[in-house]
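Number of protein chains: 2
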Amino acid sequence: MVWTSGWKLASAASENGCLGLIGAGSMKPDLLAEHIQKLRNYFRDNGINKPFGVNLPLIRGDINELVKTILKEEVRIVFSSAGNPKAFTNIFRENNIKWVHVVASVKHALKAQDAGCDAVVAEGFEAGGHNGIDEITTLCLVPQVSEALEIPLIAAGGIATGAQIAACMTLGAEGVQIGTRFAATIEASSSDAFKQKIVDANDTDTFLIMKKLNPVRLLKNKFALEVLEAESRGASADELKELLGRKREMKGIFEGDLVEGELEMGQSSGLVNEILPVKKVIKNLLNEYDSAIKNL
Amino acid sequence: MVWTSGWKLASAASENGCLGLIGAGSMKPDLLAEHIQKLRNYFRDNGINKPFGVNLPLIRGDINELVKTILKEEVRIVFSSAGNPKAFTNIFRENNIKWVHVVASVKHALKAQDAGCDAVVAEGFEAGGHNGIDEITTLCLVPQVSEALEIPLIAAGGIATGAQIAACMTLGAEGVQIGTRFAATIEASSSDAFKQKIVDANDTDTFLIMKKLNPVRLLKNKFALEVLEAESRGASADELKELLGRKREMKGIFEGDLVEGELEMGQSSGLVNEILPVKKVIKNLLNEYDSAIKNL
Chain E
961 MVWTSGWKLA
971 SAASENGCLG
981 LIGAGSMKPD
991 LLAEHIQKLR
1001 NYFRDNGINK
1011 PFGVNLPLIR
1021 GDINELVKTI
1031 LKEEVRIVFS
1041 SAGNPKAFTN
1051 IFRENNIKWV
1061 HVVASVKHAL
1071 KAQDAGCDAV
1081 VAEGFEAGGH
1091 NGIDEITTLC
1101 LVPQVSEALE
1111 IPLIAAGGIA
1121 TGAQIAACMT
1131 LGAEGVQIGT
1141 RFAATIEASS
1151 SDAFKQKIVD
1161 ANDTDTFLIM
1171 KKLNPVRLLK
1181 NKFALEVLEA
1191 ESRGASADEL
1201 KELLGRKREM
1211 KGIFEGDLVE
1221 GELEMGQSSG
1231 LVNEILPVKK
1241 VIKNLLNEYD
1251 SAIKNL
Chain A
961 MVWTSGWKLA
971 SAASENGCLG
981 LIGAGSMKPD
991 LLAEHIQKLR
1001 NYFRDNGINK
1011 PFGVNLPLIR
1021 GDINELVKTI
1031 LKEEVRIVFS
1041 SAGNPKAFTN
1051 IFRENNIKWV
1061 HVVASVKHAL
1071 KAQDAGCDAV
1081 VAEGFEAGGH
1091 NGIDEITTLC
1101 LVPQVSEALE
1111 IPLIAAGGIA
1121 TGAQIAACMT
1131 LGAEGVQIGT
1141 RFAATIEASS
1151 SDAFKQKIVD
1161 ANDTDTFLIM
1171 KKLNPVRLLK
1181 NKFALEVLEA
1191 ESRGASADEL
1201 KELLGRKREM
1211 KGIFEGDLVE
1221 GELEMGQSSG
1231 LVNEILPVKK
1241 VIKNLLNEYD
1251 SAIKNL
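If you read the sequences in order, they're chains E and A.
Sequential numbering of the first sequence, starting at 961, is according to this note's numbering.
Sequential numbering of the second sequence, starting at 961, is according to this note's numbering.
Derived by calculation from the structure, the hints in this document are not laboratory data.
Certain hints may be false.
Since the list gives no way to pick one copy over another, a pair counts as held whenever it fits inside one copy or between any two copies.
Stated by the list, open to error - Below are the DSS-like pairs computed for lysine-lysine, each with C-alpha atoms no more than 30 angstroms apart in a straight line: (1) Lys1067 / Lys1171; (2) Lys1243 / Lys1207; (3) Lys1180 / Lys1028; (4) Lys1254 / Lys1243; (5) Lys1182 / Lys998; (6) Lys1172 / Lys1182; (7) Lys1201 / Lys1172; (8) Lys1254 / Lys1182; (9) Lys998 / Lys1207; (10) Lys1172 / Lys1071; (11) Lys1180 / Lys1010; (12) Lys1182 / Lys1171; (13) Lys1032 / Lys1172; (14) Lys1171 / Lys1254; (15) Lys988 / Lys1243.
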């Protein structure tokens, strides 16, 4: 949810009964502090008392600075991803932070549990943006992680409807994490052009590429199809790095460059048909969940 | 289910309350006729009156001979896959055959409906063996196809437990098609060595390769890793065809060559922990289904 989940989206999600997360992936430490403070100010000014969290990609070069920001701003809930959780056990445990790590295989789920995480997000191949290397789908990943783990399990990857939430609960999840559906909300900080692309996408419009660098699920636009072509002729990791260049995510998601930017979205984009306010999205999800269970 | 679903597996599935399918993918017309006759003899000798079907890959060079066999043997139910259904509308409709086509995208589901199929199987990326090119997972494919179609929908891909059946019904399916779980049964005609590999496989042990020819999900054995290596350096379709050679499926699945054979299985292999009789598999699926719904 880089360039998408700032304080506005996170606060709207929390205010309406979800746990909103500020996505630090696209933020320098100062900007992260600003978003946390703005969310807190908004809650204070409106008499809202709800939890929120921050997502931290552990492989960031400045991860120690980001963690310092988390501690200084007294954030109580961290979702970490993309890195080895073990190295952060002491700091998160000593500071009594509720800590959830995102994984894409049973092995990494067990590592997160061993590292002392309070819960795990198991994210399938259909998820948008950065993805695991093993390509395990949510339908197959969730029951296998559920069987292996003792700590609570949150399902992610491809979920944009209440019926899918019910399906994931059936598979053993105790909650779900939703990205793409919330990226196409009024409150998301992504560009309108990007949000509209989520709405327009159908079932076959995304793919997982960049497998030699760091697999990522993108909309098939001009840039992404160039990467595919390079991969098909056997381009090396270095060539792909060159092609990727810098700031593609910002260009695509935040600035709305639909041709040269990276447009990260999940396969669930085919299920998103309207840009909506967060409150309405959550209401729809709950109604769909109830109907799905009633129809079973 | 090539080299796996002969008359023994199909009859056991039908006898125990499922719709068993004889998989014609690995059969010449004469052998298909023999399997149909053996199933019918077994049913007659045991006073069983249950439906069964035949799966026909429409791209087979000798498809017209296979269809003639179906008609001559008076098969009432056909599941077709891998090809254009439109070309078969007349023959299946004129002969009053119940006809279901396997698809992997909304577009192909609508084409099957337009061709006059009675139902559609929507099969996700996690499925074993031959697979669609769009890599849509069962969790994302089923609700999108369900929304688009008027005819009944059967979910497939990655399903090996009753909880997963419940999940797929939640997503809008009216039934499920299960492969890998039944490939690891006593009655499957595949080799014991192959069945044991399904039992041993974990969540990360299969992958989808051969994307320049015809995508197929295989266990990562020596042969499959050689294909991956060739693909990674940009091997052409012709090079891959050369590497594939002939009869890899027979070698792997039927003869049990675990090194040089193609070992087709789905991601659900990680959920299969025992070779069981079909009757026991079906009993387990129903019990798991009931528990999953009760626990919701």
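List of violated hint numbers, smallest to largest: The structure conflicts with hints 2, 3, 5, 8, 11, 13, 14 and 15, although it agrees with all the remaining ones.
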